[in-house]
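K.L.:
The lines below spell out each chain.
Protein chains: 6
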Amino acid sequence: MADIYLTRLIENALAEDIGPGDVTAEATIKADSVSDAVMLAKQDQLLAGLDVAREVFRFLDGTIQFFPYAKDGDKLTGGTEIARLSGNTRALLAGERVALNLMQHLSGIATLTAQYVDLIKGCNARMLDTRKTTPGLRRLEKDAVRIGGGGNHRFGLFDGVLIKDNHIKAAGGVAKAVEAARAHAHHLLRIEVETKTMDEVAEALAAKADIIMLDNMTVEMMREAVKLVAGRALLEASGNVSLQTVRQIAETGVDFISAGSLTHSAPAMDISMKIK
Amino acid sequence: MADIYLTRLIENALAEDIGPGDVTAEATIKADSVSDAVMLAKQDQLLAGLDVAREVFRFLDGTIQFFPYAKDGDKLTGGTEIARLSGNTRALLAGERVALNLMQHLSGIATLTAQYVDLIKGCNARMLDTRKTTPGLRRLEKDAVRIGGGGNHRFGLFDGVLIKDNHIKAAGGVAKAVEAARAHAHHLLRIEVETKTMDEVAEALAAKADIIMLDNMTVEMMREAVKLVAGRALLEASGNVSLQTVRQIAETGVDFISAGSLTHSAPAMDISMKIK
Amino acid sequence: MADIYLTRLIENALAEDIGPGDVTAEATIKADSVSDAVMLAKQDQLLAGLDVAREVFRFLDGTIQFFPYAKDGDKLTGGTEIARLSGNTRALLAGERVALNLMQHLSGIATLTAQYVDLIKGCNARMLDTRKTTPGLRRLEKDAVRIGGGGNHRFGLFDGVLIKDNHIKAAGGVAKAVEAARAHAHHLLRIEVETKTMDEVAEALAAKADIIMLDNMTVEMMREAVKLVAGRALLEASGNVSLQTVRQIAETGVDFISAGSLTHSAPAMDISMKIK
Amino acid sequence: MADIYLTRLIENALAEDIGPGDVTAEATIKADSVSDAVMLAKQDQLLAGLDVAREVFRFLDGTIQFFPYAKDGDKLTGGTEIARLSGNTRALLAGERVALNLMQHLSGIATLTAQYVDLIKGCNARMLDTRKTTPGLRRLEKDAVRIGGGGNHRFGLFDGVLIKDNHIKAAGGVAKAVEAARAHAHHLLRIEVETKTMDEVAEALAAKADIIMLDNMTVEMMREAVKLVAGRALLEASGNVSLQTVRQIAETGVDFISAGSLTHSAPAMDISMKIK
Amino acid sequence: MADIYLTRLIENALAEDIGPGDVTAEATIKADSVSDAVMLAKQDQLLAGLDVAREVFRFLDGTIQFFPYAKDGDKLTGGTEIARLSGNTRALLAGERVALNLMQHLSGIATLTAQYVDLIKGCNARMLDTRKTTPGLRRLEKDAVRIGGGGNHRFGLFDGVLIKDNHIKAAGGVAKAVEAARAHAHHLLRIEVETKTMDEVAEALAAKADIIMLDNMTVEMMREAVKLVAGRALLEASGNVSLQTVRQIAETGVDFISAGSLTHSAPAMDISMKIK
Amino acid sequence: MADIYLTRLIENALAEDIGPGDVTAEATIKADSVSDAVMLAKQDQLLAGLDVAREVFRFLDGTIQFFPYAKDGDKLTGGTEIARLSGNTRALLAGERVALNLMQHLSGIATLTAQYVDLIKGCNARMLDTRKTTPGLRRLEKDAVRIGGGGNHRFGLFDGVLIKDNHIKAAGGVAKAVEAARAHAHHLLRIEVETKTMDEVAEALAAKADIIMLDNMTVEMMREAVKLVAGRALLEASGNVSLQTVRQIAETGVDFISAGSLTHSAPAMDISMKIK
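Order-wise, the sequence lines are chains A, B, C, D, E and F.
In the working numbering, each number is its position in the first sequence, counted from 1, plus 1444.
In the working numbering, each number is its position in the second sequence, counted from 1, plus 1444.
In the working numbering, each number is its position in the third sequence, counted from 1, plus 1444.
In the working numbering, each number is its position in the fourth sequence, counted from 1, plus 1444.
In the working numbering, each number is its position in the fifth sequence, counted from 1, plus 1444.
In the working numbering, each number is its position in the sixth sequence, counted from 1, plus 1444.
Errors might be hidden in some of the hints.
No copy is singled out in the list; a pair is fine if it fits within one copy or between any two copies.
[What the hints assert, rightly or not] Derived pair list, reagent style DSBU-like, types lysine-lysine, alpha-carbon separation capped at 35 Å:
#  : residue 1 : residue 2
1  : K1671     : K1620
2  : K1652     : K1640
3  : K1640     : K1565
4  : K1486     : K1620
5  : K1640     : K1720
6  : K1613     : K1640
7  : K1720     : K1515
8  : K1519     : K1720
9  : K1519     : K1565
10 : K1519     : K1613
11 : K1720     : K1613
12 : K1486     : K1671
13 : K1671     : K1519
14 : K1720     : K1565
15 : K1515     : K1671
16 : K1565     : K1608
17 : K1718     : K1671
18 : K1474     : K1652
19 : K1515     : K1613
20 : K1486     : K1720
The hints are simulated quantities; they were obtained by calculation from the structure and are not laboratory data.
Work out the full structure: start from the sequences and follow the hints.
P.N.:
Set out below in structure tokens:
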């Protein structure tokens, strides 16, 4: 099925890299030359972005053959072959960098997400991303988080209500803000309220928030909030989430743990492509 | 001066985040509400992306006032105020995430670049980025590398000739590849040849490459290459470049050291924006 | 605040109408001619789209002055002046048709919505739109429904889960479909299940659907469903909703009534613009 | 043959509806699931937009098979099957709403047009649309008018000269306005002049207008105008055209009758698509 | 008044030239440097494109001051100052080439057109352009032809009917083709028929073509056609039109003479811009 | 391999010409009609743009068959068949003008370039284009120059450093300007300095410019510059280059001769397409 978002992204990424043309390949490689290529994982990783890479080459040249030896979500050890490709040499070279840049970045996100998810195994909590994504790549990054075993938070400002202190002040209190949101937002959207203290948690609960975000709270406060709320709302822990702290946070009994680092600070995984 | 590239990037980033509208703000904040806001560096960092953030808000609402207290390239300690803003509350909220996402990412790149640059101080070598950038953000990322004190490699496939093994094989040897490139590329482009062994370095030199890339060589090989070439071509070290290895590499006497990690693996710097 | 969506829509609408140029105006009216104009409601209506019309003229010529005598949401009687404009004559003529086409269409939607809303006054139910909108105009049409006193359903396929028979069959039953949706969709999205019989209502309730759609049910069935569900889920009546039937439907106690006709079959309201 | 306009329209319409993804289908339906579907006319209508719907599905997934049982321009009775489709289930679901929204709207226009055309059968007059179309959909709406048996007026401001009172005043009289238009417009464009009184008709005739629009005239005035002009110019009746008045107007002997309601107020025809 | 077409054209032209940035200016000129500049006609010419050039600089930097000393349509002698500019140095340098490329090309067209128009002074015939324009620049080129004193032919395939031999064969004869066109095209479009022989002229006349194109006829044939048609249709001479032949052609009494060379072969006029 | 640049260019060119539709073909030719066509060189020329023309038709209708009888770079005599096409008649007619407009323009450039190249045969100098190209068509025009046997200058402001007097003044002298450029530009870009006198040539040489442009110098000065530089930098002659002067210039021993006329003043070559 056509993926308008992905096609536009690929087109822009290729235009950025190729510009008016690949001077090296045009000078040295014949237009009808064909080659084989192999993609290789050069470090242990959870693979993501292979489907995206395939689309990069399909976009460039519909006759390139793409034989995957792995799939998104696979745990790969360094040295594993990911895919073989066969087709027009210039097209393989023109797509190589864009395909790898995307795969390396997305596998980085999936791999980091999987580390968090592993750490909280057995707990009820689900690991979530945030809106702290790379401008232009949000959908792919959120896909990668899911591939890594995490879940998504709202996509943007439009598909979920998240009431923060500015909204509360402007609306004249938590209850009024929640009420205003219920009146304005459509009925398939839930309402989440950000809180920083136990009083605010109580207030949000009284205002019938569907979800309460515990923002930058200590683990003790989180535990207290879980007790206070007692299942009457979903709880999301946010702030100070790291590989060191995530297990403790999960053990407080919160439902969700969100971390911007999943998408904004995951180092790229090493993947190469050799054209033969 | 109008920056077509940046305007398009900002428009797409905002469209991605805002979509059909900010449901929370529309429900709780009046259309004509005005607020002040402050941007804060929450960790030590080399600032980049402030000019970009300013454009995000200018794009959203030309009447927002933006008072910078720092500028791109400044070394900030955690807790420093970066800027104050004043204007339409909905616009401040709508631009916040995109502005921060860009600044945090770009400051991350500038900060990491500056660490590399510091490590090679006193050596002749210049630290360079690569084409291993985030699709869609290449120009901003390359700007951030320069802000961090590094230099840029070619922007894309179009503004520099980089001959690798595939090109050499296809052209029938290094000499023929360089010759073909000279005939095809315009006269303001230099020609770089990638090498993996001393023999290949010698061959590239004989073929009158302007620049020779030493790909994944040991420090010993690099030293040998510097001696062999003796200033008759520029030398670029590439591969296995890390904060641990970069000084040794620089001390071999190479002219350039390029590292993809500058752009693909720099963790985001923590920057917040509080609306009051 | 910049409205990217609206700006693109206006640009495309004007390009469609003006194409390579307004041959009549270019031939007969001087480039620097200025005029006054007045917009007039020519029939009773609930006004919507005035803000949009203002943007059309602002886009075309930032120096056009626009003096509104009414605002979106006002009930106007035929003959009421809506706004006066003053500025470049060619720009007034170039924007006239696009501005009016949008206003007439959106006022038609708001007016029809208000008729429905009036008919169900005193009932608990809220009148909703659907995805049966005009391709390209969805956001403006949904704004017009809210201006008319209605509420919105989800915007598109992305900001709400609506499980229909195909999804249920594919997932292997209602419970499995709801469970799959909870696992995939983010936690700020509610889940609605479409039902056609009382058994299906019971099943959806058992599966913990947040909202149950009663599709094409008789008023008697709806009443029964309200009793059965007893507040444990929200209920949305859909299908066979008309000005004749809406009151009866509302009196069954359902929470929402959705009707595609609000957006796809509202006749345009008569609005003129005279340039003097 | 590629239809650039239609492809862009479909791409935008699908992007509007699908956004970052169909959360329901992604959760419940496998990526490679295939289904059959049937499109059904649920009320009597003159079909339009079937070719457009076919393109929607072709755009989404080139492997979807589309078997039409009717064609644009067919008079269908409620209950008639319009087409069967077979292919990827997610793609069928993703295209369903956009395809139906377009077909229902276009069939509405064609059906209403056909009613007008039927009413004036035997008269010389031809039924025309206007520029009162839905922004972004003008070409498809004008196609639907032709499918309904009507004719088109000029497409936009660029492909026909229509001189109204503002142009006349600015040019210094009807004769001068026509003369200016002849000098400026290319020779394949005719010139029409809008008139409100018999004096203006006479003036337009004297100025050698190719076509004279009788704007908001009574039937008596139209009859008089026909007599006065006596074939020396084409006559177009405009204003107050309804299903009630159109026959009388046609019987005056005018050549064209234009009505904005064809495109701006035609209720959508009921068409469903069932996926099996 | 906003000119959507021109803004898009300028944006694309600047993006083509500037790409990721002006490396020379960024290296050597401060971002806030200001300069004066002067545009100079370096050969005799009829000026066109000055308004376009002004928009190029306005697009780049709204604070650049632009003082025109001439206007489109002026006959300039070599050495004449066309305009002075004052503003940001980088913006002046960034816009220089695009502005000049457009002006030189458009002045070339206007100048050549004026030569043709001068040669046929006193004759009835009007000099016209064709669709043989530079892809992407048609509107500006057609504007330049009018600035040079010529007239325009239809803009594209959509705003005028031009029946050639293929259409005639497909329709089953001239009469049938004209009839089909009258039925399909809107009533503000005239119908032109291309002819190559006197018999075809007679046929076109009998079919009530509004305009008859005399394609590649000798001057004698044209004269005969004028006599034959005797004012019952407009006549357009096409083919073999050059500065050598145009006077003879005009003297045959045809109404229009069209020549592709006006737009596709006019040499650029020499215009310089000096930044001081 | 997909050519994003070319596809966008073709789409825009076709949209410009076809607009809302080809009224003549839609009226007279059936949608499924098929025809053969032949492209003919009507004057002696060096062919360029055939590949582009092929893409125009491929874009319009993937089923059109295209049989080339020549290829880009061939010297054709008037009367030679260039290609035969077979396929949908409406698509052939819709693509005809755009395809021919591009081919005629590009063949014009290639033919003129070849004339220059022939004239300097035996000399060391290479004929180059400039940035004086048609906005929007630069890449195709530069391709045509290479097809004609010339070479390219830099593509735009971004892929080569060209230091002119403004840059020198702003930087505080030639040496400082070159130094600033070396520091800012990436290491695959060479630096060229524009000079007008022998003193400036000497200065540029001392500043280690890679290339020195001799701007508007007499042949005598060029000869002197060649002697002075003695191979220590490449020399480019620019200004006053014509078919009359180019041989003399080449004989001075300069390395490159650049001429804007190659792209901005080459008359179109006559090529026709007949549909049978």
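K.L.:
Hints broken by the structure, by number, lowest first?
P.N.:
The structure breaks hints 13, 14, 15; every other hint is satisfied.
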